[in-house]
Every structure is written in structure tokens, then in C-alpha cells.
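There are 2 protein chains.
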Amino acid sequence: MRTRVTEMFGIEFPIFAFSHCRDVVAAVSRAGGMGVLGALYFTPEELETELKWIDDHVDGMPYGVDVVMPASYEGADLGVDSPEELVGRLQSMIPEGHRKFVDDLLAEHGVPPLGGDAEAGKVLLGWTDATARPQVEVALRHPIKLLANALGPPPADVVEQAHAHGVKVAALASTARHAVKQVEVGVDVVVAQGTEAGGHTGEISTMVLIPEVVDAVDVPVLAAGGIGRGRQMAAGMALGAEGVWTGSIWLAVEEADTPETAKNHILAATSRDTVRSRSWTGKPARLLKNAWTDAWESEKSPGTLPMPLQFMLISDALRRIGRSGNSSLATFPAGQIIGSMNQVRSSRDVVFSLVEEYVEAMERLNRITDS
Amino acid sequence: MRTRVTEMFGIEFPIFAFSHCRDVVAAVSRAGGMGVLGALYFTPEELETELKWIDDHVDGMPYGVDVVMPASYEGADLGVDSPEELVGRLQSMIPEGHRKFVDDLLAEHGVPPLGGDAEAGKVLLGWTDATARPQVEVALRHPIKLLANALGPPPADVVEQAHAHGVKVAALASTARHAVKQVEVGVDVVVAQGTEAGGHTGEISTMVLIPEVVDAVDVPVLAAGGIGRGRQMAAGMALGAEGVWTGSIWLAVEEADTPETAKNHILAATSRDTVRSRSWTGKPARLLKNAWTDAWESEKSPGTLPMPLQFMLISDALRRIGRSGNSSLATFPAGQIIGSMNQVRSSRDVVFSLVEEYVEAMERLNRITDS
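Going down the list, the protein sequences come from chains A and B.
Under full-length UniProt numbering, the first residue of the first sequence carries the number 1, and numbering increases by one thereafter.
Under full-length UniProt numbering, the first residue of the second sequence carries the number 1, and numbering increases by one thereafter.
With the rest of the complex left out, here is chain A (with noise of 0.2 Å):
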């Protein structure tokens, strides 16, 4: 397969997987795709660790990273660059009433409390440019081919600083205006992200929002949510897209690192069994719908508190949960497409049915118009 994406980054098959374990993202660049390694759960120091780690299994195929530096967020304003100094500015932000509905929550649902604090970069993660700006200084010392952005456009000097170390530039854009302006501070590829996607997402399905994008800017475009098939990845180039970004389909393969309990949810859960909800992060995001989101949606609930407050408000929580292996709290971002994952396979394995489908898809729509 052949679009600017392929030769821009020189890879087979223009499928970009994004994923917060390593071995996934080793495995799709080794496969012909392109493994993107989600930054955001990880200290500068456990980056390092993790990209070191690729770079030694990589076997030389190119890769990326994803970051998040969000346009606007709680505390932008305030000019703290040190994340211990942030949290604890940010923290008496955070009402009473709030820690009271969550630990309410948790002892509803018999989930133990935790002992010790946790580090402020675990509270804060990579949602503030405090904290996303060192994954980047670290992302750059290495091999990497693509650093990507979520929530808005990059800061300019990153970008370029990025285009300095010859590495190109991505951002995730819900509007075709938000593209716009992510191209005009010189990002290289757009990804074009429908609401069924999982994570942040706007509220313009994939098949409406990839035309939009991709007639409102010059460079290329991948498209993204509800994207875990070949006759997906079809679609997605048919709208006008040079490539796909995938991200909810690695969560349950082989490779992958996600808790047992959520990996056994995926498999289980329908298409109709996420829901966009502020309760994560404060940003819409899709997450697997469950006590937990149902929870902040009800009369009960104190509302969601701005990025970063609402996940400086739930890190603990989400620890103690996790820990607990209650699975009825247990939320976590996840695309419409989750309905159609029913089987743990290997990321290779994930990457040649998508292409191998994807020719089927073509053979068929050839057969309509030549008949």
C-alpha cells in the first residue's frame, strides 16, 4: 500500500496503533505498522525505561509517541513549571463535597482503602504542560519517527523542536476547524478522530468528520474511531484518509498489559457498552460504561471537576480499585469498536487480518462497479 503516510514514515501498511504497553507498540512497527506508545501513565524516568526498551526490540522499524498537552486546563495560567508545586496549588481546588461522593462510592461498592501518598506525577500524569514537557525532552533523545498530541493543537515551540530532531508531528483533531489550526502550527498529520473512538473525543461520528477534515487541510489524515477491521480501514481510506489510528483493539491482545479483569470485560462488552463521560479526566472521553460512569451521571453525583482536578480527584480511587479487582468500578477508556473484539490474539496476527480484510474489501468493491 502506497500514501504520503507509507512514505513519510517509510512503513508497509499505513496502520498506527496507539497503546500504552511497549510490546505492543514493538510488535505493530515490527509487523509493518506503526506502534505509538501513549507517554501519559509514565514519570520521565519510566519513559526512558520504556522507549529504551523498544528501541532494543524495535529491530530498527519506526515508532512513535503520544502525548498529551491540552490547550486549556485547570492551572495553565498559574506559570508553576514544578508538578509538586502544581499539585499541591491545585489540590485545594477540590471540593469536599467531591472526595466525599467518591469515597462514598468506593464503600458502596466494599472497595479497601490504600496506604501512602501517591507521587504527584502519578497524580497530575501527563495532563499539564509541567508534566507532558519532560516526555517530551525524553521522547526526543530517542529514535522515535512521530510525536503526537492529543487534546488541541501543540505548542508551537514544540513542534518545533520536534521537527529539529527530523521527527514529524501528529495531532488528534474532533473538527475540521481544530485541524485547521493544528496545521497552521506546522503538524505534519492529522488524525481525524469520530466520537465512537475511546479516550477524548468530540461528538462527530468518524464517517461525517473524515471528509470535513480532509477537504479543510493540505496534509495527510489518518482516520480514527470504531477502526478495528479491514472493511473499517477501507472505509476510513474510501472517506479520504491516507491511513488508520487504532488505539481500543490493542487493549485485549496478547502482548498487552491491561489488568485481566479489563481485558475480560473487552472481550465481553457490546458496541452499545461505553458512554462519553466527563468522569475521568473532566474532558469528554469514551470510557466502558459501568457503575462507575453511571455513578457521576446520577442525581447523586457533584458534577465533574475541569482537567486536571477530576483525575487529581480519582487517581487514588482508581488505584484502589484496580488493586481491589472490583470489576463493576473499574472504567477505563474504550472505544465502540470493543464490541467487536471477542478473542485475545497476537498484535501481528491483529495487523495482517486488518490488511488481509482490507483486501477483501477491495476486491468486493471492485466486483460492484466492474459488474
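These are calculated hints, taken from the structure and not from any lab test.
Using N, Cα and C, we set each Cβ at its ideal position, and we do this for glycine too.
Only true hints are included.
A partial selection of chain B residues facing chain A, derived with a Cβ cut-off under 7 Å: (1) Met1; (2) Ser205; (3) Ala238; (4) Gly240.
Fit chain B to the given chain A structure using the hints.
Just chain B, lined up with the frame of chain A:
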């Protein structure tokens, strides 16, 4: 183009155009697609007039009729065959607080009252067995080729009746499970409709839904939701559909009798200006987002009533809003594709540009794999 659907109906292009306007239906069928008249708003006598007109103007090309026989609605268990009696029984189930909410909302927006009572058929529309069955009787007296049903599987005896007349039956499905049930009662074609579609719609996006439905049933599937351009038609076919079902794109064509205010709204709207709301019929439907849909989501809202009570409650208000020319409250079903509709064209032009862009998309797709 050739699929089981073009064979089944003897049409040149597998493009189905749902419209409440007879002119659009006839124009699309004459252009090589298949017009389908939405019967919902017509009394049996009016429907007879419309179909007679189509027969006289369709040049012998095939066309269809769409009725709404919901699988469930308030009053379905009363066993009342007379629309007048049914309206009488149902009126008492509408709470006074709801009537006051609607009156206050219209007063707030300066919409004047109307004189006279509406007929029962205009209050219930075709949303009950009592009102839709007479429409079916009328439709089957005309040379229609397709009877389509929204909101669940059609009653088995209606399917038999249609088949006895040599008429194929289609039904709209928003999940694979619904599609299977529809095929079980004898449906010949499944219209798999994604959440981005206008009107009554489910939660799963077209991108995710179509392969699920195609894999679940043996009959041909039409892709619906978000389809208004040839690239989207190609995407729908890549997903496994054998044709496309379109609706919103016919609201603003030359032939459409859509009120001027509504047409202007559609031309100006972006793909973010719709919302899935129960405020029209009591079941979730995607509507143009405006002061009307906002009011039903507001804190003052008494909540919506079940079908058909909600429309009974608001039918008079909708007529008042329509006559007043008030544009802030004039809501109507519309899909996300309205963001792409920025000019008024003839129905024939829309059909031909769908086909033209479809062919371009295919050429582009083949270049990607051939190179």
C-alpha cells in the same frame, strides 16, 4: 453498479432516498436511485393523493413507502382501532405540568396561539398501529416495490401482506440484535442506521454498526447515517453494505417542500449542530439542536413522555412554531451530515454527484493498493 439490491429492485444505483416530499421521491427514482416516501405525516386520504401523484410522475421507475410501526408504545395494549378513540384515551395520560411547560416555552419565545383543534390523525401521526395500518393498506394499492418500517420489526402479518403483493420489506436497525429479529419476521433488506443519522437513531456509529449487521444477517444491508457524499457511499459499501439509505441530504434540495426557515438552518448548520433527543417523539431521535431541544434538557424540563404521548403533547406547539416563522424553536430531524450541505441543488444533481464522487473514491483506493 451491481449488488443484490440493484438486482432486487432493478435500479441503476443502490441509493435509497428517504423523503416526506413526493417530488424528491419521484426525482431520485427517475435519476436511477430509489425514492422512498415517508408516510408518517399523511392521513390515509393524503397518502393516496401523494402516491397517485408519484405514479403519474415517476416514469414507471421503482419507488417505496416508509411507515412507522413501533414495536412498543403507550396505548399499544388498549386494543383500540379508532385513532379518534385512541387519542381520547391517551390525552388524559398527559400531565398538566407538561402542557404548562410547553405553553410557557412558546410564550417566552413570543409564539402566538392557534385557533381550532387538530384532527386525531395529525396528533397521533403514523406512530401507532391504529394509524399506520391504514397507510399500509393505501400503499399496497399502488405499484410500490418496497415497504420500509422504522422503529423495530414490522408485524409479521404486514410482512406477509406486502410479500403477497410482490413488495419487498425493509426495516431500520440500530443494533445487530434488532437486525436478526427483523430477518426472523421476513424482512428482505436491513437498513443499518448509525447514531449520526437524523430521526430515530441508536447509539452505535455507522462505522462500527455496518460490519456487525452484515455479519449477523444473510439479507442485503443498506448503510445509513452520515452518508451524503460519494466518499461516504464508498465507505458504506466498503463496510459490507450493498447500498446506502440517505435522508437528511434531501431536506435542502430544490424539489423539497421543507419550510424556508428550516432550509436556511440546514444550509448554515455544522455537523455539531444536531443532538440526540427525546423531545420530538419520546424515543431518541437526532434533531437540529436549538432552543427547543435545549429547553427539554434544562433544569426546568419536566422530562419527556413516552411515544406517542410526547408528540401528542407538542404537535400543536410545532404547528404554532411553524406558522409563526419562529426560527429559534423550529426543530426537526436532521443527521450530522447537514454540516456538509451548503447549497441547494436538484435531486438529480445530488444523485449524480454521489455516483461521481463514488467513482473517484474507487479510483483513489485502487491507486493506493496498485502502486
